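Mapping of the sequence shown onto numbering that gives the first Met the number 0: residues 0 to 137, in sequence order.
Here are the in silico distance ranges between beta carbons for each label pair:
{"hint": "1", "residue 1": "Trp-96", "residue 2": "Glu-123", "range": "37 to 43 Å"}
{"hint": "2", "residue 1": "Ile-114", "residue 2": "Ala-52", "range": "20 to 26 Å"}
{"hint": "3", "residue 1": "Asp-64", "residue 2": "Asp-104", "range": "22 to 28 Å"}
Worth flagging that the hints you see were computed from the coordinates, not collected in a lab.
Keep in mind it's a predicted model, so treat the numbers as computed, not measured.
Note that the Cβ used here is the ideal one computed from N, Cα and C, for glycine as well.
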Amino acid sequence: MTPRRRLYIPITRSGSSILASITTQMLQEGSRLRRENRPPSFSSQYPNLCLWAFIFGSFFLFILDILISSTLAMFFGDWWISEQAGWLRIAVYVFIWLVIRGYIDEKEWEYQQEIREHERQSSERMHAVFDAKRRARR
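Taking the hints into account, I'd like the entire structure generated from these sequences.
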């Protein structure tokens, strides 16, 4: 039995094909590095922040509401238990909730800006390396 011979088929590629392959590999490497170097997300650091802010905020507001309403009832009398006062209290709760949401959204926006800046710098570095390699080949 004769041993099997391996066939080495030479692959010929054009210069533009090789350049496209190198470019693709560099872009993939750049995107991998950007993913690895990305700072942790505000949302990933505090994944249930909105939920816990709502739970604790509601509890805190409920206790605060009881303390304030009992104190104000001494001064305002029956008006404090009227329908208008109830709507006023609900409006205050909604306002406080919107302030909390605005703060969280602002932090998330700042994080997105950091990501964009980081990706821009990584892209500039990657293009500088690519240009240097291209100049070195000439």
